[in-house]
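Peer 1: Since chain A is already given, all that's left is putting chain B on it; use the hints.
2 protein chains.
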Amino acid sequence: MTSETSEDRAEIAVIGLGNAGLPLAAVIADSGIKVVGVDVNRQRCLLINQGKNPIPEEKGLDGLIEKHGGRKLVATADYRDAAACRTFIVIVPVFVDENYSPDFTIMQKALRSLGGILKKRDLVVLETTFPPGTTEGPVRDLLCHASGLSRDDFLLAYSPERIMTGYSISRLKEFPKVIGGTDEQSGIEAFSVYRRFISNLHQVSSARAAEMIKVMEGCYRDVNIGLANELFRICGELGIDFFEAREQACHQYCHIHLPSTGVGGHCIPVYPWFLIKEMERREKFESCRLLRTAREVNDGMIDYWMGRILEQCLKINKPLASVKICILGITFRAGVKEFYHSRNLALAKRLAEKGLDVYAFDELLSSEEVQRWGLRCIDPRQADLIFDCFNLRWLRAEDWPERDRAAGPSAEPASADCKGCL
Amino acid sequence: MTSETSEDRAEIAVIGLGNAGLPLAAVIADSGIKVVGVDVNRQRCLLINQGKNPIPEEKGLDGLIEKHGGRKLVATADYRDAAACRTFIVIVPVFVDENYSPDFTIMQKALRSLGGILKKRDLVVLETTFPPGTTEGPVRDLLCHASGLSRDDFLLAYSPERIMTGYSISRLKEFPKVIGGTDEQSGIEAFSVYRRFISNLHQVSSARAAEMIKVMEGCYRDVNIGLANELFRICGELGIDFFEAREQACHQYCHIHLPSTGVGGHCIPVYPWFLIKEMERREKFESCRLLRTAREVNDGMIDYWMGRILEQCLKINKPLASVKICILGITFRAGVKEFYHSRNLALAKRLAEKGLDVYAFDELLSSEEVQRWGLRCIDPRQADLIFDCFNLRWLRAEDWPERDRAAGPSAEPASADCKGCL
Numbered sequence: 026m027t028s029e030t031s032e033d034r035a036e037i038a039v040i041g042l043g044n045a046g047l048p049l050a051a052v053i054a055d056s057g058i059k060v061v062g063v064d065v066n067r068q069r070c071l072l073i074n075q076g077k078n079p080i081p082e083e084k085g086l087d088g089l090i091e092k093h094g095g096r097k098l099v100a101t102a103d104y105r106d107a108a109a110c111r112t113f114i115v116i117v118p119v120f121v122d123e124n125y126s127p128d129f130t131i132m133q134k135a136l137r138s139l140g141g142i143l144k145k146r147d148l149v150v151l152e153t154t155f156p157p158g159t160t161e162g163p164v165r166d167l168l169c170h171a172s173g174l175s176r177d178d179f180l181l182a183y184s185p186e187r188i189m190t191g192y193s194i195s196r197l198k199e200f201p202k203v204i205g206g207t208d209e210q211s212g213i214e215a216f217s218v219y220r221r222f223i224s225n226l227h228q229v230s231s232a233r234a235a236e237m238i239k240v241m242e243g244c245y246r247d248v249n250i251g252l253a254n255e256l257f258r259i260c261g262e263l264g265i266d267f268f269e270a271r272e273q274a275c276h277q278y279c280h281i282h283l284p285s286t287g288v289g290g291h292c293i294p295v296y297p298w299f300l301i302k303e304m305e306r307r308e309k310f311e312s313c314r315l316l317r318t319a320r321e322v323n324d325g326m327i328d329y330w331m332g333r334i335l336e337q338c339l340k341i342n343k344p345l346a347s348v349k350i351c352i353l354g355i356t357f358r359a360g361v362k363e364f365y366h367s368r369n370l371a372l373a374k375r376l377a378e379k380g381l382d383v384y385a386f387d388e389l390l391s392s393e394e395v396q397r398w399g400l401r402c403i404d405p406r407q408a409d410l411i412f413d414c415f416n417l418r419w420l421r422a423e424d425w426p427e428r429d430r431a432a433g434p435s436a437e438p439a440s441a442d443c444k445g446c447l
Numbered sequence: 026m027t028s029e030t031s032e033d034r035a036e037i038a039v040i041g042l043g044n045a046g047l048p049l050a051a052v053i054a055d056s057g058i059k060v061v062g063v064d065v066n067r068q069r070c071l072l073i074n075q076g077k078n079p080i081p082e083e084k085g086l087d088g089l090i091e092k093h094g095g096r097k098l099v100a101t102a103d104y105r106d107a108a109a110c111r112t113f114i115v116i117v118p119v120f121v122d123e124n125y126s127p128d129f130t131i132m133q134k135a136l137r138s139l140g141g142i143l144k145k146r147d148l149v150v151l152e153t154t155f156p157p158g159t160t161e162g163p164v165r166d167l168l169c170h171a172s173g174l175s176r177d178d179f180l181l182a183y184s185p186e187r188i189m190t191g192y193s194i195s196r197l198k199e200f201p202k203v204i205g206g207t208d209e210q211s212g213i214e215a216f217s218v219y220r221r222f223i224s225n226l227h228q229v230s231s232a233r234a235a236e237m238i239k240v241m242e243g244c245y246r247d248v249n250i251g252l253a254n255e256l257f258r259i260c261g262e263l264g265i266d267f268f269e270a271r272e273q274a275c276h277q278y279c280h281i282h283l284p285s286t287g288v289g290g291h292c293i294p295v296y297p298w299f300l301i302k303e304m305e306r307r308e309k310f311e312s313c314r315l316l317r318t319a320r321e322v323n324d325g326m327i328d329y330w331m332g333r334i335l336e337q338c339l340k341i342n343k344p345l346a347s348v349k350i351c352i353l354g355i356t357f358r359a360g361v362k363e364f365y366h367s368r369n370l371a372l373a374k375r376l377a378e379k380g381l382d383v384y385a386f387d388e389l390l391s392s393e394e395v396q397r398w399g400l401r402c403i404d405p406r407q408a409d410l411i412f413d414c415f416n417l418r419w420l421r422a423e424d425w426p427e428r429d430r431a432a433g434p435s436a437e438p439a440s441a442d443c444k445g446c447l
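Residue numbers (our numbering), protein chains in the order written: chain A, 26 to 447; chain B, 26 to 447.
Excised from the complex, chain A in its bound form (with noise of 0.2 Å):
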């Protein structure tokens, strides 16, 4: 493999340059090694090529996008440009359907352009979080089929990303990577070429260990959270702080999480999905259980705070149906314009629901941006009451703009409440 390396060819090709993909194939280059990223988006290719980030809330990548853009990054849509490389990361996001089922349209899609050009002893690395089985199984059929190659043909590896958005490129320089292969030799390649470009690399016994891992990480966190929303009502029905109560009983052997209005997001409220279903469809329902009742409690949590919005309009001297209600944040998180799962969203559509005079406002988005959400817009100081999804505060309009977020709660950032997003 090494002979066919010129200056001038790339190595490796990098498809989906998304949140993911592109702070990844950024650090390839910056690594030395030349790489073709290809995105269906021909605006963000032509963009990275002028050497513009697309993504500028990513620290770090302003400067690698600048210096390696059109250089040795080169995006393009099409993935004939990218026939040359021996190496193709596939990193392109699978959603979930509304029965929580992985939706692989995306991912078919870019294996099955990826199958037009593979070659024999190509290697292909999947990075994008799946229920385990899935790069040995469906993924390798797609592969074959679409290639006309055998399942031998081809080495064929996992290395999940761990990115978190807005610290993507030290998190590929210093946290811990995984990766396996599907066979034996697949391992041992797949290791080889990422270890030039990641430091903290680490080899497991296979692929589908390797979608356990990350899968895990994301049920970690899920029951995690659950069991701080649960401690959260719990501390509430006894008339004790919650918060100071967990910043005493955190130490290095507790980790008690933040509570929330549920959890949100394309990641951790969909890879306990990814193990429940495949327990049930196998009738091991007792193998899952935790797993789908931490689930249920933070969607349930929407309910909780409706409540809890209740009781605070029993404060205001107004008839209940004309107390202005402002959720304050409808996106999934604080800072980042998603939202896929977002349960603050889902919060003020069930009070809509109700027949409340409920508004939302969010520092990320116009007026008319709430309004496509199907929620009409307030400035705060108009409202009776404001919930303050992110920091579960109330504030009155006089309160408004009270704004010195650390202060509340969320002095821990609640970034930290999701990792690997695409």
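Mixed in with the good hints, there may be bad ones.
Identical copies go unnamed one by one, so any copy, or any two together, can satisfy a pair.
As the list claims (entries may be wrong) - Mimicking DMTMM-like on lysine to aspartate or glutamate, the simulated pairs with C-alpha atoms at most 20 Å apart in a straight line are: (1) Lys309 <-> Glu336; (2) Lys309 <-> Glu321; (3) Lys302 <-> Asp424; (4) Lys343 <-> Glu423; (5) Lys309 <-> Glu262.
It is worth saying that the hints were derived from the structure and are not from the lab.
Peer 2: Frame of chain A, contents of chain B only:
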């Protein structure tokens, strides 16, 4: 209070010289304060006064008892010997009954005796783990009743023990300790007394908050062990090595615990019930679902392991009823001769109940001691199948003695699963 202190008069009494009380009394004495230790066990008192440590497994305690026993630390079975003290620290066990409700029998007896010597302006600090609200509620009522004092006549606070058997001295010297009063004055006074012998001391707003902090820690561990057990089962189902996956999944934001036969001992399996029972009494069934599920998942592990043992029996070419099964380890955890809620013991009994030819072996126990628990003892070399409960390993007679524990999943000390056992 200081004016009453002299070289010869004890200032502080520690009521209960068990696994938690004795190390605390020794640490107080070592800080230069004269202590009276009160314990119903006269033999234990005699030993202590002779400078002999009744808990030799407690690191660093030998030296302290040798130095202070009978001098700075005087043990007695008679509360009257502590009558001149102005601070009373109560650290006697509270167990749970068969319905998981706290059984205050021993505590009540201690508080009644304490009431007989309690004086105006004395300070009482409880250290036993309680359901939140116990100190300001039943404990205060009982002390008032037994002493004839009114509730404002004495100071009352709570500071949960956070020791770990074997490491209590270092825990007391280094680990953060919290303290909270039933009223402001009690909190201030208790903090100022405790800071004389506890360096890492944190004041919290109330006794109730301090009680919750300790219970929350137990809940965190129970839920996380439940999660580890569930992920272990799922990995087994998916053909993934849980221990390999866990090793790579754990990092600074992810703390997946160790799987087990369930959770035993007086602490972790008990504390969640303090909250579950209280929430269910209040008909807040929705507020304790995760805690209850985790309890059920952990308690359900003996059924799971029974199934796994039967699978192993399939491989043995003998009628099932004559397969000699050895359960290796029946205490609730390795290295501690305690049986309360031992899931290992429960597993052995469950197998016997089903008519299997089950035996037990525990290196801490004699054959007679095993028999006292209703089980037959066996030399593991005579067994067809050995299940090592502490390391979740299968052994055959020919593997015995195969005792390199560091090689198994128990490389992390199983003791990390239990903190603060009375």
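Peer 1: My question is about Lys309 and Glu262: at a cut-off of 20 Å on alpha-carbon distance, are they close within one copy, between copies, both, or neither?
Peer 2: between (35 Å within a copy, 9 Å between copies)
Peer 1: First find the shortest C-alpha distance between Lys302 and Asp424 inside one copy, then the shortest across copies, and answer within, between, both or neither for a cut-off of 20 Å.
Peer 2: neither (45 Å within a copy, 39 Å between copies)
Peer 1: Cα distance capped at 20 Å. Does Lys309 pair with Glu321 within a copy, between copies, both, or neither?
Peer 2: both (18 Å within a copy, 16 Å between copies)
Peer 1: Please sort Lys343 with Glu423 into within, between, both or neither, judging by C-alpha distance up to 20 Å.
Peer 2: For Lys343 and Glu423, the Cα distance is within 20 Å only inside one copy (17 Å; across copies 80 Å).
Peer 1: How do Lys309 and Glu336 come out at 20 Å by Cα distance, when the copy is not named: within, between, both, or neither?
Peer 2: between (41 Å within a copy, 16 Å between copies)
Hint 3 alone, counting from the list given before, is not met by this structure.
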